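Protein chains in written order, with the numbering used here: chain A, 10 to 332; chain B, 10 to 332.
Check before you lean on any hint, since a few could be wrong.
As the list claims (entries may be wrong) - Simulated coverage check for chain A against chain B, where a stretch passes if three residues somewhere in it have a Cβ under 8 Å from a Cβ of chain B:
no., region
1, 176-185
2, 192-200
3, 297-309
4, 317-326
Unchecked claim - The calculated lysine to aspartate or glutamate pairs, modelled on EDC-like cross-linking and capped at a C-alpha distance of 16 Å, are:
no., chain 1, residue 1, chain 2, residue 2
5, B, 146, A, 102
6, A, 55, B, 97
7, B, 150, A, 140
8, A, 150, B, 140
9, A, 146, B, 101
10, B, 119, A, 140
11, B, 119, A, 97
12, A, 119, B, 140
For the record, the hints were derived by calculation from the structure and aren't laboratory data.
Because the structure is a prediction, the values reported are computed rather than measured.
Cβ atoms here follow ideal geometry from the backbone N, Cα and C, with glycine treated the same way.
One-letter residues, chain by chain:
Number of protein chains: 2
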Amino acid sequence: MVVANSVFAPIEKDLLSLNQNLQNMIGARHPVLYAAAEHLFTAGGKRLRPAIVLLCAQTLAKSSGISAPQRRLAEITEIIHTASLVHDDVLDECSTRRGIKTVHNVFTTKIAILAGDFLFAQSSWYLANLENLQVVKVISKVITDFAEGEVRQGFTRFDLQFSIEEYIGKSFYKTGSLIAASCQGAVMLNFADKNIANGFYMYGRYIGLAFQIIDDILDVVASSNDLGKPAGSDLSQGNLTAPVLFSIPEDYQITQLINKEFSDIRDIDNALQIIRQGCGIQQAKDLAAEYLQAAIDCLEVIDNSKSTESLKKLTLYILERVN
Amino acid sequence: MVVANSVFAPIEKDLLSLNQNLQNMIGARHPVLYAAAEHLFTAGGKRLRPAIVLLCAQTLAKSSGISAPQRRLAEITEIIHTASLVHDDVLDECSTRRGIKTVHNVFTTKIAILAGDFLFAQSSWYLANLENLQVVKVISKVITDFAEGEVRQGFTRFDLQFSIEEYIGKSFYKTGSLIAASCQGAVMLNFADKNIANGFYMYGRYIGLAFQIIDDILDVVASSNDLGKPAGSDLSQGNLTAPVLFSIPEDYQITQLINKEFSDIRDIDNALQIIRQGCGIQQAKDLAAEYLQAAIDCLEVIDNSKSTESLKKLTLYILERVN
Chain A
10 MVVANSVFAP IEKDLLSLNQ NLQNMIGARH PVLYAAAEHL FTAGGKRLRP AIVLLCAQTL
70 AKSSGISAPQ RRLAEITEII HTASLVHDDV LDECSTRRGI KTVHNVFTTK IAILAGDFLF
130 AQSSWYLANL ENLQVVKVIS KVITDFAEGE VRQGFTRFDL QFSIEEYIGK SFYKTGSLIA
190 ASCQGAVMLN FADKNIANGF YMYGRYIGLA FQIIDDILDV VASSNDLGKP AGSDLSQGNL
250 TAPVLFSIPE DYQITQLINK EFSDIRDIDN ALQIIRQGCG IQQAKDLAAE YLQAAIDCLE
310 VIDNSKSTES LKKLTLYILE RVN
Chain B
10 MVVANSVFAP IEKDLLSLNQ NLQNMIGARH PVLYAAAEHL FTAGGKRLRP AIVLLCAQTL
70 AKSSGISAPQ RRLAEITEII HTASLVHDDV LDECSTRRGI KTVHNVFTTK IAILAGDFLF
130 AQSSWYLANL ENLQVVKVIS KVITDFAEGE VRQGFTRFDL QFSIEEYIGK SFYKTGSLIA
190 ASCQGAVMLN FADKNIANGF YMYGRYIGLA FQIIDDILDV VASSNDLGKP AGSDLSQGNL
250 TAPVLFSIPE DYQITQLINK EFSDIRDIDN ALQIIRQGCG IQQAKDLAAE YLQAAIDCLE
310 VIDNSKSTES LKKLTLYILE RVN
């Protein structure tokens, strides 16, 4: 991960203090919620969303560097993301995530619902305390989008009519919206003008879509060990993602396996093998690469005197995850 | 319900348009979420929280009457309340509410989690669009308090060490906090000064606590038909409320029944009968009456030229529910 090291190097210290702050912020009044939150935050995770906030903030920063509200926004994005993961894991009945057991598995479904509610609530509270109404509005919309994305996903499982366009729409709600709003919010806190703030929103939107496609490719190509959850777990639940959708027209066996909802024990492995041998994965990579190029193009709104190097490198990092 | 009619008469039209707006506001992009929300909002409910917002707003209103942001705040409080009910019903495994089946019962637990998340998210979005940071902060805190209250309740079921003070603490988080913040938010939108806004917060806090005590009395004295859910359903889940806590020292049988967690089919009816015959219910009523008097005392901060009649009548309405 050569690119990863160099892209995150300028904000390495910021990410370390973010990790400490996350636990202090949650410092819930109740030990069980604290334990659930600690369980989540110490499990690692890529911290991609806060890293993007910090990189966007740094790109437009004056000599004083990244501001306190921008650091707080980075923390808020990770809290919102984590809250959505806890509820997602309940909804998707996942038992492991990031290599450890999920909250509803270690504790109970009730604790997981509450912990998610609590984290969403904490994020709203910290958000309001940023004292910037425009940022509050932009980020508030994200949580509505999550629910929309989750519903769309829930009602299209094993649906062979599900199109790549619908997949992109759902991915925007589930992933793109938060990253887009985080990028926009970060530079709004730099007092960026509307045109620039919108450019950052679109940059984040494309980054988010590419990131989701790459994540979905990893679900079908990576090992359970690397994923920290069973390989093909999205597919086994009927979430038809880009590499799967591109593979369906290639081999009718995939359609048959989806139709029978992978009811035999070897069905998932068979499907994964067919997908890995076809061109669907490459098509999905090409689509992600297109979105990453579109993200880079969005950076043109930025004044030439600002270095956009780190934001461009970020696109390489995202693609590198599958190379 | 003589008092009820007269206390809500001045805002009758406002409450009617609120009911229509609630459905339009939720008008979700997805038919299943819409169905879940419609299921909730058409079931009736007392609309107590929006009514209190409207009455507080009216008390300090200038000649132009209740403002558009105040009406929106009334709607937001009902959406937040409804969101908390949907998740509560999942957590408490309730199958009926307001005389109809609960969302997770009609649809699924997944839909109920999502519908709750969606409603919380919608409320945050509408809240941000009130464009008043102080109100956003005050209301954001409420959602954190809900999770706190629900956790406290979850971990003290059947706990005979649970004290009346802890019960009041939990009731504040579950009920008092939203009503207090709604009253305060309503008059903040009238540009009330800090002293008056705090007075309204305390008024709402006491009203909320009294309302919860009365609700808890109804759980042990009212019929299943009147409640719209099984009589004694809180008690059967081990939620030890004011009338129960006051009854425990009176008859050792109650302790025994709680200790065995009402495991026999007739245990709940036996416990209800003992409680109904003792003085615990009256003691709980007295406590509620004290809180209602404290609420009235909070109104002293208001300029004498303003009529506080409707806010005083509201306290009578709350007590009337058990008389």
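Against the structure, the hints:
| no. | hint | result |
| --- | --- | --- |
| 1 | 176-185 | violated (count 0) |
| 2 | 192-200 | violated (count 0) |
| 3 | 297-309 | violated (count 0) |
| 4 | 317-326 | violated (count 0) |
| 5 | B:146 x A:102 | 34 Å, violated |
| 6 | A:55 x B:97 | 32 Å, violated |
| 7 | B:150 x A:140 | 15 Å, holds |
| 8 | A:150 x B:140 | 15 Å, holds |
| 9 | A:146 x B:101 | 33 Å, violated |
| 10 | B:119 x A:140 | 34 Å, violated |
| 11 | B:119 x A:97 | 10 Å, holds |
| 12 | A:119 x B:140 | 34 Å, violated |
The structure shown violates the earlier hints numbered 1, 2, 3, 4, 5, 6, 9, 10, 12.
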